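So the sequences go chain by chain: A and B.
Residue numbers are given in the working numbering: position 35 of the first sequence equals residue 35, and the series is strictly consecutive.
Count along the second sequence starting at 1, add 1000, and that's the number in the working numbering.
If you're looking for bench data, these hints aren't it; they were derived computationally from the structure.
Fair warning: this is a prediction, and the values are worked out from it, not measured in the lab.
Honestly, I wouldn't trust all of these hints.
What the hints assert, rightly or not - Once the Cα atoms are required to be at most 27 Å apart in a straight line, the calculated DSSO-like pairs of lysine-lysine come out as:
#1 A:K5 / B:K1216
#2 B:K1216 / B:K1254
#3 A:K3 / B:K1353
#4 A:K56 / A:K5
#5 B:K1254 / A:K114
#6 B:K1049 / A:K24
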Amino acid sequence: MEKFKMLVVDDEPDFLETIIKRLKARKIEVAGVDSGYKALEFLDKHDVDVIVLDVKMPGMDGIETLRAIKKKKARVEVIMLTGHASVESGIQGMQLGAFDYVMKPVALDELLEKVRQAYDRKMIQADKA
Amino acid sequence: MEARHYKKLWWEIILATLSFSVFPLLILGGVIYHQFSVSYTAKIMDNMKTLAENRASSIDLFLEERIAQLTGLANTQSLGQLQNEDYLNRVFNIIQTRSKSFLDLGVIDEEGNHLAYVGPHYSILKKVNYKDEKWFQEVMVTGVYVSDVFLGFRKIPHFIIAVMVREKNQSWVLRATIDSDIIDNIVRAAWIGKKGDAMIINRENVLQTTPRFGGKVMEPPKAPDFAAATGTMVEAMDFRGETIIYATSIIKLKKWILVISEAPTEQLTPLLQARFLAALIGLGGVVLIIIGTYVTTRAMMKELQRMDRKQAASDEMAIQSSKMAALGKMAAGIAHEINNPLAVIGEKAGWMKDLLAMEDVAKSEHFQELLDAVHKIEFHVVRAKTVTHRLLGFARRMEPVEERVNINEILDESIDFLENDARYRNIDIQTNYAPDLPLTTTDQAQLQQVFLNIITNAIDAIDKDGEIVINTRSIKQNNRISIEISDTGPGIPKEALPKIFDPFFTTKEVGKGTGLGLSIAYSIIEKLGGRIMVASEEVIGTTFTIYLPVK
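Extracted from the complex, chain A is given alone in its bound form (with noise of 0.2 Å):
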């Protein structure tokens, strides 16, 4: 069982369906959903570590789901995913505090790797403050 809370944020049904499967299979505490809003809404009432969050979205895209979760919650650790190069917006969601960026399709555990680095930094800097 990993330490910490994952939310997963994408438009995608299928891919985000397989993956809180395939996360929850790997006993890791996670939920998703399918929309920036949504994002949102569940950090209101949840507590969560670690966000996977798609680009390019309907409605609210990444970028802006970023500044808010941001604005929200400044300690929560975001790691952009994107299906488009565009490195630029990777660069501005870090320029934004995302902890990374990383293309799809990605392997899972390379994706699991950068959550819990992108954990780490989140307790590291939790210990600073």
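Got chain A; can you put chain B on it based on the hints?
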């Protein structure tokens, strides 16, 4: 531009230049010649007029002198004295000692009887009676008479001067025949050049002197009829197909007309020479202009064609760049659209693998088959991902990360990557670096990608047994570095050469090449401010040349 278009422009320039230079030249030459011709002709005519007046007055003077002589003689001698032929002969001889103008001398009484005669026609003339002769009747009325040339009793053309004298209540006439040679000589002095002529005609257009060409005394002259002339005049006239200048002047005493003619072809020779010279200079000028026009037009057209070619080349490059940009956008779009379903497939396969790892499923009869299938799916998701990620890499519009780099070192690193592969295929990689190659600020990673792409292509092109030569050079004039990568491969077919930088263009087997290597290289080099060029000859090999700015 087409060759036909150049030809048309060429002719337009040549014709315009020629018309703007040849026409003024011809007009200038024509005007100058015309002015010269007019003034020269005027001068000639003036000369002729002077000559005609001069000759006419000489003849007048001559005739006046003769009349004065005769009048003097007649009035100082009495009829009685002159009737005596011996005396008359003596007088005649005295006159002749002063001037040999007279041929004979006769004394005639008022009845027309020839009283005395001295001269060569004694036998014929002594016995004649002049009473019915026209000149005799005239002189009896007017007192002094100068005749036209006539035959008379002697049947020889001559002319006479007669004076009448009144003595007491009777009249007598002193008549002298004038040596017409003298008049002829005066007139002959006006024969100009080889073709000039001069003559005297009377009011009936009958010749009084022998002209140089054509016609005899007492016949009409071979010239236009000037019998009605009233004064001095000069005129160029066409006569029997020839242009001749005529000058006339009136001999006042006798109302004869002196006609001088000149062939302008002779008198105007200097003018003709001037015309010839003008034509020669004009022709020379035209030839010079034509040569000059040809030479400058040719130089101009060459320069124009050169500039057009340059323009076409830069247009081509602009088209290539915009094509790349458009393709990049499209590639990015496609990659994105594929990546999302690919992610789903990958996750599903991963989930299946997770499930297969559970114990109960492992007992299944087809467990191994399923596991293999899932692995294959994952493997091909990764393969597809490589393609889309490379596509995205191609489309990337990121500012290059700039650092100071030594191109030779980057090349060495790139060769290190590929050396094993090359050795295995018996391909020798030779390097020939410029030792003084300046450092430049550029994106090392991207540049390395370019070198790797090109060297990999070279190795693939050679396949087995060959050589790759890599040169670097510093081009100081335009502050650039050139990198040349040559292989001894089979070369690129001519028809494929323009397409090799297009994305997805590949000559490799299906599945082996993405067709993106060179287009990525192209877009990277463009972005770094350089140029990449290819030269290839079938059988001999291919050379890629990269120019990079030194920054």
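A quick look at each hint next to the structure:
{"no.": "1", "hint": "A:K5 / B:K1216", "verdict": "violated (149 Å)"}
{"no.": "2", "hint": "B:K1216 / B:K1254", "verdict": "holds (20 Å)"}
{"no.": "3", "hint": "A:K3 / B:K1353", "verdict": "holds (24 Å)"}
{"no.": "4", "hint": "A:K56 / A:K5", "verdict": "holds (23 Å)"}
{"no.": "5", "hint": "B:K1254 / A:K114", "verdict": "violated (144 Å)"}
{"no.": "6", "hint": "B:K1049 / A:K24", "verdict": "violated (137 Å)"}
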